[in-house]
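Q: Residue numbers (the numbering used here), protein chains in the order written: chain S, 3 to 289; chain P, 3 to 289; chain A, 286 to 551; chain D, 286 to 551; chain Z, 29 to 340.
Be careful, since some hints might not be right.
[Said to hold, decoys possible] Straight-line Cα separation of at most 20 Å, SDA-like style, residue types lysine to any residue; simulated pairs: (1) LYS401(D) / ASN195(P); (2) LYS31(S) / LEU45(P); (3) LYS31(P) / ARG115(S); (4) LYS533(D) / GLU467(A); (5) LYS73(Z) / ARG258(Z); (6) LYS326(A) / SER355(A); (7) LYS325(D) / PRO381(D); (8) LYS186(P) / GLU387(D); (9) LYS62(Z) / LYS73(Z); (10) LYS400(D) / ASN195(P); (11) LYS186(P) / GLU528(D); (12) LYS533(A) / HIS531(D); (13) LYS186(P) / PRO381(D); (14) LYS533(A) / GLU528(D); (15) LYS533(D) / VAL300(A); (16) LYS533(D) / ALA396(A); (17) LYS186(S) / GLN534(A); (18) LYS78(Z) / GLN244(S); (19) LYS186(S) / GLU467(A); (20) LYS25(S) / GLY309(D).
In case anyone wonders, no lab produced these hints; they're calculated from the structure. In this text the structure is predicted, and so the values were computed from the model without any measurement.
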Amino acid sequence: MTQTQSVAVRATELDQAIDLEFKREQRLKARDLGLAILTPIVLLALWELAAAVGVLDARLFSPPSAIAERGAEMLADGSLAVHIWATVGRLAAGFIAGSILGVFAGLVMGVVRPIRAALSPTFTALYALPKIAILPLLLLIFGLTETPKILAVAISVFFVVQINTLAGIMQIDARILEAARAYKATGPRLFLNVLLPAAAPAIMTGLRVAAGMSVIVVTAVEFVASNNGLGYLIWNSWQLFQPATMFVGLIVVSVIGALVTGLIILLERVLLPWRHSNSPKKKEMKK
Amino acid sequence: MTQTQSVAVRATELDQAIDLEFKREQRLKARDLGLAILTPIVLLALWELAAAVGVLDARLFSPPSAIAERGAEMLADGSLAVHIWATVGRLAAGFIAGSILGVFAGLVMGVVRPIRAALSPTFTALYALPKIAILPLLLLIFGLTETPKILAVAISVFFVVQINTLAGIMQIDARILEAARAYKATGPRLFLNVLLPAAAPAIMTGLRVAAGMSVIVVTAVEFVASNNGLGYLIWNSWQLFQPATMFVGLIVVSVIGALVTGLIILLERVLLPWRHSNSPKKKEMKK
Amino acid sequence: MTDTPRQGTGDDAFVVRHLSKVFGGSGQVHALSDINLNLKKGSFTCIVGPSGCGKSTLLRILGDLETATSGEVQINFEQTRVPRSAFVFQEHGVFPWFNVLENVTFGQKMASVSKKERVSEARNWIAEVGLTGFEDAFPHQLSGGMRQRIAIARAFATGSPSLLMDEPLGALDAQTRILMQEQLVRLWEVERKTVVLVTHSIEEALLLGDQIVVMSARPGRVKQIIDVPFGRPRSVEMEASPEFAHMKQDIWESLRDEVQASMSFK
Amino acid sequence: MTDTPRQGTGDDAFVVRHLSKVFGGSGQVHALSDINLNLKKGSFTCIVGPSGCGKSTLLRILGDLETATSGEVQINFEQTRVPRSAFVFQEHGVFPWFNVLENVTFGQKMASVSKKERVSEARNWIAEVGLTGFEDAFPHQLSGGMRQRIAIARAFATGSPSLLMDEPLGALDAQTRILMQEQLVRLWEVERKTVVLVTHSIEEALLLGDQIVVMSARPGRVKQIIDVPFGRPRSVEMEASPEFAHMKQDIWESLRDEVQASMSFK
Amino acid sequence: TSEAPATSSDALQTVNVGHVQLAIFSPLYVADAKGYFEDEGIELKLEAIKSGQDAVPLAASGKLDVVVAGFSAGLFSAVETGLDVKVVGSMGVSAGDEEEPPSALIASKKLVDDGTISDVSDLEGRTVAVAGGAGGTGAFYVGMALEEAGLSITDVELVTLGNPDMPTALANGSIDAAFASAPFWNMPVEDGTAVSLWTTPAGTSGTGVIYGGDFASSDLAQKFFTALARGAQDLQGDDRYTDEHLGMIGAATGQTAEQVGAVPLYRWLTDLAPLPEQLAAMERMWMELGAIVYTDPIPEADYVDATFAQNS
Ligand SMILES: Nc1ncnc2c1ncn2[C@@H]1O[C@H](COP(=O)(O)OP(=O)(O)OP(=O)(O)O)[C@@H](O)[C@H]1O
Ligand SMILES: Nc1ncnc2c1ncn2[C@@H]1O[C@H](COP(=O)(O)OP(=O)(O)OP(=O)(O)O)[C@@H](O)[C@H]1O
Ligand SMILES: [Mg+2]
Ligand SMILES: [Mg+2]
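Bound-form chain S, shown alone:
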């Protein structure tokens, strides 16, 4: 075997090895996706089966087929949409108000030491206050309007976001602040160009936690004091013994929760491109 031939053989070997590796990776990815889709399907199928053979009481645990049918019905007659919009409206209003105020409060507390010292411990205690427990008080103050419901959501979101924003500011690398000072960044410029982007990852984490929590709170509030919204739907259908309707409500709520969380993750990718630039770009540059 000549030298050139052996080089050629080795090149082919290498190509084959690369090819195998590539195919393996593709196979694994396909398997992952398959598994991700399979799990809920299997769970629903098990549920259906259990209800069919009587392991689960089908009158109480409506089988998925019945839930799907009921869901389709409610979609068709528009009643589901009404509840969804009511809930989403409260969620959006409360979430936006709470997070804007939370970011603002966190930033101010991060920058002004006396304010931080004065408010931080009190806010930590208030954070643990159960929101549905204070709902009656909010109702007393604001009456039976949308305000107390939105406010309950906003308060929950506020504390989570404020605590995370403050932590974000406090954790800014001293060297980053020093660089900003060296280049004479002050006032609103310091705020916009340095403090806000530096705290942004922590703020985003706060928003993600707050998203899950706000869905739970809005449902609880609608449970207690509302005549529309998914929380009301769940509670009322249970009171009226309409389990299929209740399950429709439960499923829609958890889908909304997942969507809101997904939205925040998406927002993070758009707003913080420097944390998510894809590696291809990196590799390309390294070339």
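Using the hints, position chains P, A, D and Z with the ligands against chain S.
A: Same frame as chain S, but now just chains P, A, D and Z with the ligands:
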């Protein structure tokens, strides 16, 4: 002025400057502590005043003095203790069960790719499911025992901790894993010496978020289905129109929430000494 | 061992008199002790000294980022809209959320320079440090060496009359470092700013500086001020000359005791 | 330019034949291409090459932490309970949650060495690298240089017959680095392990190695293998000799093209 | 809110009504659907509440004008504290129909079969579930049943439980008996897990109409009540079950007409007159249970106002 004299003068100047700086720092710390204590006092005083002059309806918003009196009464006759222990018991049982399972699930999902692929998306959707909405279902399955209440807490905690643990494992620095592999760490040894400590900070963050959430969930559960506990106390005293008692419940709950959070922070300091060794030690070494 | 204080002249960019710095109100860390220095306008000064002797602290005080505990610092530049000193930090000085172009324009943006002007200025300096084509890249997408070049470009682009650099080339590998040293001298020769550069490398100090300030272990004092006799332009080849080896040996011996004093090393 | 493959002998600790490595299944990064190497037992080999040329990758393949895409690697050590190769990583190789003692004993702990035995062994090596008194300190409480010394102590304490070091002194300042280089040679002369050390510093490679492997820019190939003619023990003073300067210049020129090829630098 | 009299006859005045969304309050829904309130110049604004107690402070502070809901111990405590509310009418009154009552005290079939429980008197020392806790109407009715059997409300252990959860709790032995409303009492009876022990006697009522003090003294108070009573008058006897009415009730409570018709409905007095003796009996029962802490019963005149019913 001779050289020695001027050196002596400069040394005194330096000492004075150091002393001033030290005093300033002490003063600032004292001010911070004062502000931290002042805020709740001022808030309570304002509340008392508002109730006294009639800005707040004292019959609905019992003034702090009345709440304190009622609290002392309930402490004396032991009724508060009963509720506190009931809530703390559920909280502890649910929190411990949920976090152990959550850490375990997160670690397994972090290590075994197919399991992660299969469960991760489903768990994310289940996380947003409002826990009080599924309480009736738990009651259906487990009857009117402590189990469904503890379970509701455990489930809430489970998902938060699992998601954080998984994230912790996924974020372990590849270089750390490589070092572990280079020194042939495998099986339980890898697990205990590397994976668990590496994921520990993320687990702790999860526990902290879960702590706040578990207090909210246990109260909500006791609201809906219980004959004791602080949630029941709050709900029942409102139903019976005993606002002072309700405020006692609210305040105790938020204090418990703050304490649990504090406990987790303490636990973190004890369990993760490498993240919190104080700077004095560092300075001493640098000498 | 300390230099006797000289009177500052109008030619001096920085005049430091009896400067001391103690960190932590309770007097725990005595970082700098009775420092006296005169740095001429347009001069290139290198500071060497063992780790922890206060080199960065001194640089920060010169750049007005830290206040002296006692003593006096005069900075003789006229006040313009750009900061009097531009910094290159030891590490982490670039903003991870800004891309290369935004990082390089940062100093001028804070000085309210118009966007058009600062972008064109920045592009020049990006080209000078060899980052053309990477304007839109974020720092984390670049190697440590490239990140440090962003910081250098930013310092030059800001247009300050003085440049304070804290181990600007420390993060680079040896080969890249030499290329960057040559680059740095070239840039300085064009602009003749007053430069103070902290380094751990004696070769680097000899290659770049007009004078070398050797500091003692903590509390940092000025142990020696050495005028570098080599003419400019200098190049790496100079390192092979016996005079270079000799000076290097001298400084190394002066430092060796200090390094050993500063570390618990048998 | 590539060495013609030689047959491996029983004296060779590592024999590498036609080794290639491609990262990312779709063939994006061709890191190593047709590497051939024979490393004798008890030899000290230094690898130099431009950033990104695959030095770390090669070391990882030698240490069985990475598999070759094609080609063949023989590792000729008998299998004992301790790993055949102990690593010192470029960065972040020490465990932040273990204190110095626990970090240094880690390798032996994983090899099921009894606690008493491994602690006494570890204390020896902690003393050797000058960290006595810091046994209970956590890595974050120490300077970068001290952390790197933990990693070195761990590698020696593990008792493996070979030592793979990836820029072990890269994080140190120049002065400490020289002290550590001398220390490293001293340690190696006592134990005579097979050492492969990656470095960016040509001086370091000349000071430490029996042979120097010069690699080309990516895809990494062996460009040159240089035998170092200096006898041992060597010391820093050697750097002043004209032969040293000459060899350094040679290697530097061989590398210069490669470095420039590997970076977008005008 | 109720303000100054309408400036012109066709401008409707808003009345805010807090109501628990249940068929027991059908007169409100029927009167609303048929436009009786508009006839009186009233625009009805319905606000769902979960319990009467939630709304009493709202009524007292003028956030609500009218509350249509169940009574509770909290109502009495609130009045005693000085909150200004008045009970002005009754709502669903039991027909005394033992076969198809709207609610019943049921006991576990297992305990009945093994002879442990044969009538109400055997409940002594047993666990009984009621909705709304010790201060709710469930507890009042259980107390009434026990007193009829020669026992007292304190002889059983009361457990708070939502109506939908009662059947399962009975089935899995968590509770021995429950006071449940339809369909949650007849479901377990039909599938053989429970037996009905006692139903509410004819003429009893646990629900009613509450006015906030300010509203009670406004000129809309009478108009509102007149319209409401018209609704009750339409629902007498079998008229309750006409398709029209079932549809209206269903629309207001989130059910279909069939679902409403499948469950027995209450009856309503034609003038919806308040039942003061009944209220006094509740107050006494809740005092016994400790749900009310003051000791002297409140004089009837302080919280009952029958004039609106008389004038309607
Ligand atoms: N903000 C601070 N608070 C307390 N001590 C500090 C502070 N900054 C620096 N020090 C201490 O002052 C001394 C001098 O620090 P400095 O960073 O100036 O040293 P250096 O010469 O730059 O060291 P290196 O070469 O490692 O960068 C060190 O002992 C350091 O621990
Ligand atoms: N796990 C990986 N996946 C994809 N590419 C990789 C991986 N590891 C390394 N590479 C790429 O392989 C090439 C060689 O990397 P390697 O770390 O071995 O270089 P190096 O010579 O050690 O560089 P340096 O001197 O900067 O440490 C680089 O282009 C790097 O981006
Ligand atoms: Mg420094
Ligand atoms: Mg490398």
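Q: Does each hint hold? Answer for all of them.
A: Hint by hint, here is what the structure shows:
1. LYS401(D) / ASN195(P): Status holds; Cα separation ~19 Å.
2. LYS31(S) / LEU45(P): violated (57 Å)
3. LYS31(P) / ARG115(S): holds (11 Å)
4. LYS533(D) / GLU467(A): Status holds; Cα separation ~18 Å.
5. LYS73(Z) / ARG258(Z): Since the Cα atoms of LYS73(Z) and ARG258(Z) sit roughly 18 Å apart, the hinted pair holds (cutoff 20 Å).
6. LYS326(A) / SER355(A): violated (24 Å)
7. LYS325(D) / PRO381(D): Given that 20 Å is the threshold and the Cα spacing comes to 35 Å, the pair is violated.
8. LYS186(P) / GLU387(D): At roughly 16 Å apart (the allowed maximum being 20 Å), GLU387(D) and LYS186(P) satisfy the hint.
9. LYS62(Z) / LYS73(Z): Between LYS62(Z) and LYS73(Z) the Cα gap is close to 15 Å, so the pair holds against 20 Å.
10. LYS400(D) / ASN195(P): Given pair LYS400(D), ASN195(P) holds - Cα atoms ~15 Å apart, limit 20 Å.
11. LYS186(P) / GLU528(D): Roughly 43 Å separates the two Cα atoms, so the pair is violated.
12. LYS533(A) / HIS531(D): holds (18 Å)
13. LYS186(P) / PRO381(D): It holds: about 18 Å lies between the C-alpha atoms, which stays within 20 Å.
14. LYS533(A) / GLU528(D): holds (18 Å)
15. LYS533(D) / VAL300(A): violated (41 Å)
16. LYS533(D) / ALA396(A): violated (46 Å)
17. LYS186(S) / GLN534(A): Roughly 41 Å separates the two Cα atoms, so the pair is violated.
18. LYS78(Z) / GLN244(S): Measuring from Cα to Cα gives roughly 18 Å; hence the hint holds.
19. LYS186(S) / GLU467(A): violated (29 Å)
20. LYS25(S) / GLY309(D): Since the Cα atoms of LYS25(S) and GLY309(D) sit roughly 11 Å apart, the hinted pair holds (cutoff 20 Å).
The structure shown violates the earlier hints numbered 2, 6, 7, 11, 15, 16, 17, 19.
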